[in-house]
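Peer 1: Residue numbers (the numbering used here), protein chains in the order written: chain A, 1 to 286; chain B, 1 to 319; chain C, 1 to 338; chain D, 1 to 490.
None of these hints come from the bench; they were simulated from the model.
Glycine included, C-beta positions come from ideal geometry on N, C-alpha and C.
Hints may be right or wrong, so weigh each one.
[Claimed, not checked] So the derived label-pair ranges between C-beta atoms look like this:
1) 102(C) / 136(A): 51 to 61 Å
2) 38(C) / 255(B): 30 to 40 Å
3) 136(A) / 130(D): 23 to 33 Å
4) 136(A) / 101(D): 14 to 24 Å
5) 113(A) / 209(B): 15 to 25 Å
6) 260(D) / 136(A): 33 to 43 Å
7) 383(D) / 188(C): 49 to 59 Å
8) 23(C) / 229(B): 36 to 46 Å
9) 62(D) / 130(A): 51 to 61 Å
10) 10(D) / 169(A): 49 to 59 Å
11) 131(B) / 23(C): 20 to 30 Å
12) 275(B) / 130(A): 29 to 39 Å
13) 15(D) / 278(C): 37 to 47 Å
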Amino acid sequence: MSEPAEFLALALVKAAPLIFAALAGVLCERAGILNIALEGQLAAGAFVAVAAAAATGNALAGLAAGVLAGAVLGGVLGFAATRFGVDQIVAGTGLNLLAIGGAAFGLVVIFGQPGASPSVASLGAPGAHLLIATALACAFALHLVLYHTPWGLRVRACGENPRAVASAGLDPKSIRLLATTVGGALAGLGGVYLSLGELNLYSDGMSAGRGFIALAAVIFGRWTPLGATGAALAFGALSALQFILQRSGVPSELMQALPYLAALAALAGIAGRARAPRADGVPYVE
Amino acid sequence: AGSSISKASMRLGMVTDIGGLGDKSFNDSAYAGLKEAKARLGAEIEVLESKSAADYQPNLTALADEDYAEIYAIGFLMNNDLAQVASNYPQRRFAIVDAVVDRPNVTSITFKEQDGSFLAGALAAMVTKSRTIGFLGGMDIPLLRKFEAGYAAGAREIDPRVTVLVKYVGSFEDVASGKELAGVLFNSGADIVFVAAGKSGLGAFDEVKARDHDYVIGVDSNQDALIPGKVLTSMVKRVDVAVFRVARDARERRIPRGTLELGLAQDGVGLTDFAYTKAIVGAAAIARLARLRRAIIDGRIVPPSTREELAAFRPVALR
Amino acid sequence: MRTAAIGGVVLLALAASAMELAGANPLLGFYALLRGALGGPHQIAETLVQTTSLLFPSLAVALAFRAGFFNIGAEGQLVIGGLLAGLLGARLHLPGIAGLPLVLSAGALGGALWGGIAGALRARFGGNEVVATLMLNVIAALLANYLVVGPLHSPGAVGPETAELAPSLWLPTIAPGTRLTVAMPLGLLVAAGVALLLSHTVFGYELRASGANPQAARRAGIDQQWIALAAMLLSGGIAGLGGATIVTGVLHRFNVALSPGYGFIAIAVALVGELDPLRVVFAAFAFGILQSGSLTMQALAHVPKDVVTVIEGLIILALSARRFAPSAGRLRADERTG
Amino acid sequence: MNVPGRAALELRAVRKVYPGNVCALDGVDIELVPGEIHALCGENGAGKTTLVEIAAGELRPTSGSVHAIGNVGLVHQHFELIGRLHVWENVVLGFEPRRGVRLDAEAARARVRALSQSYGLELDPDALVEDLPVGIAQRVELVRELARDPAVLIFDEPTAVLAPAEIASFFATVRALAARGAAVLIVTHKLGEIVAYAERATVLRAGKVVARFGKGQIELDAIARAMVGGEIPALAERVVTALGMGLVARDLEAGQGAHALRSASFEVRRGEILAIAGVEGNGQSVLADAIAGVVPSVGSLELEGTPLQGGARERIARGVRTIPGDRQREGLIVSWSLVENAVLGDQDRPPVRKGIAIDRVAAGRRAREIVERFDVRTTSIRTTVATLSGGNQQKLVVGRALAGAPRLLLAYQPTRGIDVGAAALVQSSLIAARNAGAAVLLISFELDEILALADRIAVIYRGMLSATMLRDAFDRGTIGALMAGAQRAS
Ligand SMILES: Nc1ncnc2c1ncn2[C@@H]1O[C@H](COP(=O)(O)OP(=O)(O)OP(=O)(O)O)[C@@H](O)[C@H]1O
Ligand SMILES: Nc1ncnc2c1ncn2[C@@H]1O[C@H](COP(=O)(O)OP(=O)(O)OP(=O)(O)O)[C@@H](O)[C@H]1O
Ligand SMILES: [Mg+2]
Ligand SMILES: [Mg+2]
C-alpha cells in the first residue's frame, strides 16, 4: 500500500468507532441527556456481540445483540434520567462501571476465562468495511433525522426547552427516552465494530477511552452529526498519523500525545464559541 | 500420613498487579504455577486482584493476617509495598516476581528477558526475507525495554543490516490499536513482529492471520498454538515454574533463598520448540540458535537490557 | 423520594444476584464490604485513606462546578500534582519540616498549572473546558510516563515510578501502624477552607454568581474570565495537592498507577455531595467505604474483582437517584428563555 | 360553534398549595364564556399565574375541578419558546406538517405566514427566536397558540412588552379571535386596557376572588380599589433640583445587526429624568448595555465631567446602577436567597465587602431595607428568589438599584409586570432618586409611564436617537409618530 492510501485507510478505521459513539452523544445531548456512559455502551456492545456470536456461531446475530445491548444501556440511562430525574453524570459514571465490570465478569461466566474471549465468528474484512460505510451513512442519516423530520425537531426542542415541548402537548420524557435508546444502539454498534468488525474477540478494556474521546468530538462538532463526524475523522487521522510517525528514538509518548495536543490547540482557535443545547443534562420535572 | 496432614494445611496466596488475571502474561502464568501447586501439592489457593497502586498494601496485608505458607506479589509495581508488609510480618514468607526486595523472608524472582528476547531477535533476523523486522510493545517502560533491547541486539548479532522497527501501543489493553500498529509495521516492510504488548498483542495476532508471508513472535506464555504456523515461536517467561518451585520449597520448609534470577540456563526464559514452524525456520537456524543460547549461558554474549546498552552492543560474530 | 428508595432496593437486589451468579454468598458479600471498610481500627483507617484520596479531587470538582466550570480533569491534575511532588521529593534531601511543605506545594502548583491551562483556554479563547480537561487527562498520563521512565528516570526504579522519598518527606501517620496520615485532617481543612471561601468571601460570592447566572454576574461587574482562570487554578491546585498527599502519604513515591480513577469518581462524589464542600466530605466517606470494603469482598466473600466493579456501578447508580443533585447542567438552568 | 352562554372553561373551588405551605389559590371559581374577553387582575403574588397555569392544564390543582371544551392555549409571560429554533419550528412543534416521513418546512412556513397575515401579526418564519426582541417573541408565542385553533386562549400579561401601536393591534387580534367564538382570558396589570377591551373582569387578592365585574360594570377606580384593597398611592412630587451635568453621550455606537445602536448623542442632567421612548428592538437595550459597560461601544461617554470607562465593575464604582430589562436572566440569580441577590453588584465595596469577606450582617440589613421599602412579599429574606412572584422579583431588582444612592440610574422598563400599587411605588422612587440628584435614564415602551415621569424625552427608532424635547413640548401624537419611524411627520 502506498503511504497516503495507508494513512487514509487507517484514519477511517480509527475514526469509525468514534463516529458511532459521537453520533450517539449528539443524539442524546440534543435531546437534553448528557450521556457520559458512551464508554460503557461501547464495551457492552462489543462484549454482547461476541457472546452472541459465540453462542449462535453467527456474526450477524452478534451484531444484532450488540446493538441491542447498547440500546438497553442507553434506555436505562434515559429511563433513570426521565423517570427518576437522576443526576445524569453520576448515573453515567455508574453505568460505565456496570458495563465494563459486567463485560469482564461475563467473560468468566460465559467463556470461563478472564481477560479476553476466544476468537469467534467475525464480520470479516467486508463486514468491517461495510460498518465504516455505515458509520458515515449514519452521520448523514442522523443529520436528516434531526433537521428534516418531525421527530428530529422534537428532539432538538427537548434539548433546548422541555417545558416548551410539554406545553406543545408532547411528552418530553418519552422523546428523551427514545433518543437515548437509539443513541445507545449507535454506540453499541460502535462496540460491535471494534469486537466483530475489526477483530473477532472481546478483550477487557478494549474500548480504551474511545467513549470519552467521542464526547470531545461531540463538542468539537458543535453538537451536530456532521460536525461530530468531522471531529471524529480528525481524531482518527491524528491517531493514524501518530501510528505512522512513531520512530525509535522519538519518545513514543510524545507521538501518542499528538492527537490530544492537536485537539487542545484547535480548541484555542476553532471550537471557541460552541454552545451546548440549553437543557443539556438538565432533568425535566413537571 | 504426616505428609497428607501438612498437604491439606498449606495455603498459598497471590496478589496480582493492576493488570489482573487474564492478561495472558505473567499474572496468568503465575496463576498457572499456583494451580499446579494446588494439583500436585494439594495447596489451597487464594488470589486477590488490585485496582490501583494503593490496593497492593491492603491486599498483601489481608493475606498476611491469615495463615498462608507463601504469599506471592506478582509484578514489580509491588516492590515497595511488599518490603513494608514483609517487615511488618517477619513470621510470614513472601515472594515477588520481576523485582528484588531485600528482606530475609522474601524470595525475589527475576528473569533475564533480554536473553530470551535476544534469541527471538536472532531468529527473526535469520528468517526475514525483507531484512526488516518489527517490535510491538505495550507501554514504553523499563521492563519492556529489556525485551526491545535484547531483540534488537539479537538481530544485530545475525545481520547488522537488518532494520528493527519499534512501535508502542501506549496501552496493554487496546486490542484494536495493537492490530492497527501491527498493520503499520507489516506495511512498512517488516515481515516478522515480536509482540510484547499484553492484551493489545491479541490484535497483532489477528492482523498476521490474513498475511501470507508475515509472522509474529509471541511472548510470556507459549502462544504458538494461537495461530498454528503463523507464530514463529514464543519468548516464554516461566513465571509458573518459578512460582511452583517456591511453593515446593515452602512445602518442604526450606528457608527462602533470596534472589532467584532466572535466565536461559535455568529455563526461566527461552524460545518454544517450533512445533508448527520447523519447516519455515529450518534446521540450520535452529542449530544456530542453540549455539547462541550456549554463548549467552557461558557469558560470551551479554545481551543488553536498556537502550543505552544496546547502543554500545557489538556483535560477537560467532562462527 | 419513594420511587428513589424503590430504585435503590432494586439495584441492591441486582448487586446481590450478581454475587449469586459469581458463586458468592451475597449476604457474606455485603457483610464483607462493611467489615472490610469498618470492621476494625485498621479497616477504618484504610477507609479513611481512601476517603482522603477521593476528598481532594472531589473538592476540586465541586469548586470548579460551582464556578460553572465543568472540570472533568481532576484526574490529570491529580497525576501532575503527584508527579511533581514525586520528582521533587525523590531528589530532595531536607528535613521534613522544610521539605514536606515544599513537596506538597510542588504538587499543588503542578495541579494548578494543569487546571490553569484549561482555565486559561476558556478565559482567553472561550475554549470548551470539557474537551480541554479530557485531553489534558490523557496528556498528563503520557507526560508522567515519559518523564518518569525517560529523562527524569530515577536510578533503581524498576517500573514507571520515581525512587522512594526519604522518610523525612513522608507525611506523619496519625494512627500508628496504618497508612492514615495527616493528609486526612489536611483534607478536612481544605474542605472547610473551600466552604468558607464559597460562603463568606467576595471571591467565593463572585465565583458562585458566575456559575449560577453568568449574564447577571457580568452585569454585577464580575470578571468571568478572571473567575474561570482563578477557579481552575484553585481547583487544579486542590487536586494536585491530593496527588501529592498520595505520593507523600500512601506510596512514598510517584507511580503512574497512583490513581484508580479518583479524579473521575470524584465527579460522582462531588455531585452526590451536591457541590457543597461539607456534604462532599460525607459523600467521599461513602465512596471510601466502597473503595476499601470492596477489597475485602474479594478476600473474604470470594466476589471477583469485576463483580465488585459491577456492584460499585450499581451503588453509584442508586446514589444518583438520591436527590436531584445540582449538576452543572442545572446550574446553567438559570438562563431561561423569555 | 359553541352554544352562547355555555362556559368554554369552568374552574370550581380551585385550591393550590405550593410546597412550603404557600397557599396561592384558595377556593377560586371562574368561568369563561365563548366570544368574550375576560380580564383577570390582582396584585403581584395574588395567584393569577398559578390560576391560568391550572386552567391550561400545566399545573395540577391541590383540589377543585377544571372543565374545558376544546383546546386551551396559554401564552406565558415568561415565554415557553425555544430560542435556538426558528419561528416556524416553534410554531409547528407537536403537529408538524409532513411530506412522507419528512418534515414539510415549506408548508410550515406557509402556515406561519397565513396565520400572521390573517391576524395582522407580521412575522418572519425564518428568524431565529433568540434574535427576536421580546415584543416579537410574544407574537411568536401568540401565533403558536393560534395555530392550534384554541377554544380558550389565555394570556398572562401579554401587553407588558408591547408598544402602544402594538397593543392596539394585539387587541384587534384578540377581538377577531373572540368574534370567531373563542373564549379569551387576559391577565393584566394595565387597568386602562381592561376598561377599553374587556367585557368581564375578576379580581384576585391573596388567592381569593374579591370582586367580579359583569358586562357594563367595568370601571377603573373600582377595579383598582378591589385589587389593592384601598387607594392607590399618588406619585411622588417632582422637586426642582440643581441641574449639574450628569451623563453626556456623544456619537455613541454599539452592537451589530438589526438591533444595533447606530448613533446617539444626548445628555442627562443630575436631578433629571430623560426618557427614551421607542418600540422594543430599536436599539434601546444595546444603548443601556453600552452605558452599563456590558457591551463594548464607540463614541464618548462622560459622567459628571469625567469619562465613563472600563467594564461594568468600574462603572458600578462610579455610581451607575441598572434595572435590567429581563429580571430573571440579567438581574437575579433565582436559585439564591433574597439576601444574596440584594447585594449583587455591590459585593465588591463597603459596606458589603469587609476585607476579603462578605459582611453577611450588612447584606441582611440591605435585604431587609429593600423588602420593607418596596413591599416585597416574601415569607423570609432567606428563601430563594425563585419562589417570589414575578412582580415581587421586579421590586427586588428595583430596590437593589436604588439602595446604593445611584449617580446614574439606568431604568429599563422598570414597571414591567408589576401591579398598579407597586408600579406607583417604583415610579415614585425613580422620582425620589431624581430629586436626590441622580441622573435618571428611563427606557420605556409605555407612553403613559414616560409622560408621567420624564423631564425630557427622546425617541429611538432603528438605532437612531431623535433630538430631545422638553417636558412642556410633549405631545402624544408626535411621539407616537416618531416611535413608528415617521420622522418627517413632525
Ligand atoms: N413554585 C412555587 N413555589 C412556591 N411558591 C410559589 C411558587 N410559584 C408561586 N408561588 C407563590 O404563590 C403565590 C402566587 O403566585 P403567582 O405567580 O400565581 O402570582 P401572580 O398573581 O401571578 O403575581 P404577579 O402579578 O407578580 O405575576 C405567590 O405568593 C408566590 O410567591
Ligand atoms: N420553588 C420554585 N422552584 C423553582 N422555580 C420556581 C419556584 N417558584 C417559582 N418558580 C418560578 O419562578 C418564576 C417566577 O414566579 P412566577 O410564577 O410568579 O412568575 P411569572 O408569573 O411567570 O411572572 P409574572 O409575575 O411576571 O407573571 C416562575 O417561572 C416560576 O415557575
Ligand atoms: Mg404572574
Ligand atoms: Mg407570577
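Peer 1: Confirm or reject each hint.
Peer 2: These are the hints, each one checked on the structure:
{"no.": "1", "hint": "102(C) / 136(A): 51 to 61 Å", "verdict": "holds, 54 Å"}
{"no.": "2", "hint": "38(C) / 255(B): 30 to 40 Å", "verdict": "holds, 39 Å"}
{"no.": "3", "hint": "136(A) / 130(D): 23 to 33 Å", "verdict": "holds, 32 Å"}
{"no.": "4", "hint": "136(A) / 101(D): 14 to 24 Å", "verdict": "holds, 21 Å"}
{"no.": "5", "hint": "113(A) / 209(B): 15 to 25 Å", "verdict": "holds, 20 Å"}
{"no.": "6", "hint": "260(D) / 136(A): 33 to 43 Å", "verdict": "holds, 42 Å"}
{"no.": "7", "hint": "383(D) / 188(C): 49 to 59 Å", "verdict": "violated, 31 Å"}
{"no.": "8", "hint": "23(C) / 229(B): 36 to 46 Å", "verdict": "holds, 39 Å"}
{"no.": "9", "hint": "62(D) / 130(A): 51 to 61 Å", "verdict": "holds, 59 Å"}
{"no.": "10", "hint": "10(D) / 169(A): 49 to 59 Å", "verdict": "violated, 21 Å"}
{"no.": "11", "hint": "131(B) / 23(C): 20 to 30 Å", "verdict": "violated, 54 Å"}
{"no.": "12", "hint": "275(B) / 130(A): 29 to 39 Å", "verdict": "holds, 37 Å"}
{"no.": "13", "hint": "15(D) / 278(C): 37 to 47 Å", "verdict": "holds, 39 Å"}
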